[in-house]
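As given, the protein sequences belong to chains G and Z, one line each in that order.
Reminder that position 322 of the first sequence reads as 321 in numbering that gives the first Met the number 0, one-by-one numbering, no gaps.
Reminder that position 104 of the second sequence reads as 103 in numbering that gives the first Met the number 0, one-by-one numbering, no gaps.
These aren't lab readings, by the way, just hints derived from the structure by calculation.
Treat the hints loosely; a few may be bogus.
For chains that are exact copies, the list does not tell them apart, and a pair is met inside one copy or across any two.
[Said to hold, decoys possible] Within a straight-line C-alpha distance of at most 27 Å, the following computed BS3-like cross-link-like pairs (lysine-lysine) qualify:
id	residue 1	residue 2
1	80	409
2	438	409
3	83	258
4	216	83
5	83	278
6	258	216
7	350	216
8	80	350
9	216	278
10	258	350
There are 2 protein chains.
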Amino acid sequence: MPLDLRFDATDVGLFADLYEFTVSAAFFEQRMNDTAAFELSLRRMPPNRGYMVACGIERILETLEEFRIDETAIAHLESLKLFKPEFLEFLGGLRFTGSVRALREGGIFFAGQPILEVCAPLIEAQLVETLILNQVGFATMVATKAARCFSAAQGRRLVDFGPRRAQGADAPLITARASYLAGFHGTANVAGGRRYGIPVYGTMSHSFVMAHERELKAFDDFAGSFPRLSTLLVDTYDSVAGVHNAAKIGVKLREMGGKLGGIRLDSGRLFDLATQARKILDLAGLDDVPIFASGNLDEYRIAELLGDGAPIDAFGVGTSLAVSDDAPAGDFNYKLVEYRGEPRMKLSAGKASTPGRKQIFRARNAAGSDYSDLVGLIDESTATVTREFRQPPATVAAIVETQMEGGRRKLPRPGLEELRAQTLAEFPHLDARLKALRKPAEYPVRPTATLNAMIISERLKSERRQD
Amino acid sequence: MPLDLRFDATDVGLFADLYEFTVSAAFFEQRMNDTAAFELSLRRMPPNRGYMVACGIERILETLEEFRIDETAIAHLESLKLFKPEFLEFLGGLRFTGSVRALREGGIFFAGQPILEVCAPLIEAQLVETLILNQVGFATMVATKAARCFSAAQGRRLVDFGPRRAQGADAPLITARASYLAGFHGTANVAGGRRYGIPVYGTMSHSFVMAHERELKAFDDFAGSFPRLSTLLVDTYDSVAGVHNAAKIGVKLREMGGKLGGIRLDSGRLFDLATQARKILDLAGLDDVPIFASGNLDEYRIAELLGDGAPIDAFGVGTSLAVSDDAPAGDFNYKLVEYRGEPRMKLSAGKASTPGRKQIFRARNAAGSDYSDLVGLIDESTATVTREFRQPPATVAAIVETQMEGGRRKLPRPGLEELRAQTLAEFPHLDARLKALRKPAEYPVRPTATLNAMIISERLKSERRQD
């Protein structure tokens, strides 16, 4: 019997709400399986978010390439006694044969924009709904949270300390990757480091100090075992006394030609403790030994500490990153926008969708800053759309790209380092007002005239679908 | 190459923060691997929580029974160039040989209590820290959220609609199980239903209605395919018009000897719409057709709707359940409490731990209500402790049980139905003031005199560990 914690191919094939299967069965019976386009978008910006960082798209592409509902999964579906044999046989042979258009992994976006579009036979596009919402939704929330920490940290090192507080076994892998993509320097997560080739960082546990009779002996033992990786955790008992003990080890290591890796503060008043620790270390001639802080940190707290001038060189961010604690879920939705070449629209109160296959046109001014987006239809050209910006742009880019065609990746699979570099290169183009941690400015996003006309005509058409 | 979404045995073996491996390596070098006891507890109650429902313990037991660090994992650790060959060899042969004492899965607990204790050779107990915090932490937050929805719903059906908004691929499995344990009737999650044998529920997607030219035709098609499972989603365009269309199908099904499964409202003013829908259905003679509501629901909203008398028969709870949105992470910690038979204590500012291996003694009055807990040491007896309750108890139970010994389960593996029944049977013993959704009462938890004396003496001893 497999370990309960493992998530296998059968789980992947059944990673769907039951209705994905029941409506697919009804489509199958009605022979409704023509080409459909579904669009993933964010209905509204989460609290205090001025921009979003798209993430999870690469994982979706990888999963779609291998998508299948294996025999065990089919046997389970059969056991539900809901589905006819012909439909189950059809599901067993199903592969993803469609196309995916999407933002670049790490790309910036805003509410109301098409961030990923699946265009495929209706049933294929339907069955992957839960998967896409789950994976892109969470990864994007974490990448966005990480980007906020990155701007608050002003170049200080950031390490993902989240695995212990994350929601389940998969979330830490996503967090390790998404936070690295958005500027973190590495992760404490060994499994995540392995899977994505991310640098791993670790310091020391309280238990290590507690299992020893004396703190100084614990520090000495640890420095002996890891002369190049000895960041000593000083807050198990009294933090200031702990820094003095760490300084003794630092001096000893230096005399032996080595170097103390750092000290870590994990509780108490971090500003006061970091200030005292810096003095203690400097007086011992250890002015090159960095101070690492952790313990309930987030972008707000990091900004506050650095704003006050706390001499902290690196931050471990755990809970707040791992669960995106002030916005644990985004209002993402995946809606049918076209079927058989005809636009489709949902009118639900407060949750209306916009019809048609779309493109995002992003305007940049002469100084290189993004300042406005138009959302248009897929067949609109950059040239035509350029005229619609209120302030004439220096450049306009269509940023939704075809990433998969016929179920295969169209573009070479980018490496994480490359994606990270592109993501970090994009941040400076964002207006500082969008990056404000609280009450950021709202980025202007409007529909093009063509899309607007379609919204109006489709609204009328949709209202008549209930007659 | 395996699908990125899968979580395999190597991931399980490396599911740890780097420091778990580095401190273990240092312990190994110092030959410090005597018996240690680590305790999992919740430092403080999350906002608005008057009680917690323990969950994730069964999964930990299952994972510990199979715990190993496989060859691929060892090869990866070797590649980090941090560890000596002898240590890696030791890790490759490591199995979990210790004992686990814990609350029953689904048991009620409060802040400051030992909910799970691992007693094992130091390195084994250390290496499973991240795993235990991650798994029990999240499952407990979700089970607790689900229990709150259960009490708000006053017997109405509750279905987990969370997979699309959950944090990664593992969280939905945990949510399906944890919410069922705490009173939900089932889940939309097909993979979760399969793994844990939980009833699955599904209605209909907006895309199903949108892909049709007419809503009525969509309803008719769906009812044709699923005459026994036809809960029709009425809010794609106008909800009231949608209910009228659903009623037409209901009448048609009845004439054919069938029955409409229900209607689902997913947006708009749910109270008004449910009231109108009830009238429309009743006028059509469909008074036995239930109304299902969904869309940003949580325990607060459910209580409000039912308090106002909304005629809603079932609720789909998604985001708020899946991420426990008002408390996405709990302040759980896993601390060394004893090494080589000697108590250990951490003094960190605001994060002190309590020393010693412990037991929870729960007092119940003659009416059968739980009213106070004492946390004592493992060797204290129920008889001795009984005298310490301020109000004499009718019964006192020691609720932390030995669940695993020598790395094997000691008790037979309980079925989920059995655990669910026990959990639901426990709710009535909780004071209504603890179940208040906002500002609940605080349940009295105190240390026994013996534990208190140990805390005082260990504090002094710990303060001297920095001399």
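* Alpha-carbon proximity between residue 83 and residue 258, which holds within one copy, between copies, both or neither at 27 Å -> Between. Shortest inter-copy distance 20 Å satisfies the 27 Å Cα cut-off; intra-copy 69 Å does not.
* When no copy is specified for residue 258 and residue 350, does a C-alpha distance of 27 Å or less occur within a copy, between copies, both, or neither? -> neither (58 Å within a copy, 30 Å between copies)
* To do: Have a look at residue 258 and residue 216 and pick one of within, between, both or neither, based on CA distance no larger than 27 Å.
  => within (17 Å within a copy, 75 Å between copies)
* Asked: How would you label the pair residue 350, residue 216 (within, between, both, or neither) given a Cα cut-off of 27 Å?
  -> Between copies only: 23 Å across chains, 62 Å inside a chain, cut-off 27 Å.
* If the cutoff is 27 Å on CA atoms, where do residue 216 and residue 83 land: within, between, both or neither? Let me know, please. => Close across copies (21 Å), not inside one copy (69 Å); limit 27 Å.
* To do: Classify it for me, residue 80 with residue 409: is the Cα-Cα distance of at most 27 Å met within a copy, between copies, both or neither?
  => neither (39 Å within a copy, 37 Å between copies)
* Homo-oligomer pair classification [residue 350, residue 80; C-alpha up to 27 Å] -> neither (34 Å within a copy, 53 Å between copies)
* Asked: Taking 27 Å as the upper bound on the Cα-Cα distance, should residue 438 and residue 409 be classified as within, between, both, or neither?
  -> Classified as neither: same-chain Cα gap 39 Å, cross-chain 54 Å, threshold 27 Å.
* Check residue 216 against residue 278 for me: Cα-Cα at most 27 Å, and say if that holds within a copy, between copies, both or neither. => Result: close within a single copy only, 23 Å intra versus 76 Å inter.
* Intra- versus inter-copy proximity for residue 278 and residue 83 (alpha-carbon distance at most 27 Å) -> Cα proximity of residue 83 and residue 278: none, with 74 Å in one copy and 36 Å across.
Violated hints, listed in ascending order, are 1, 2, 5, 8 and 10; each of the other numbered hints is respected by the structure.
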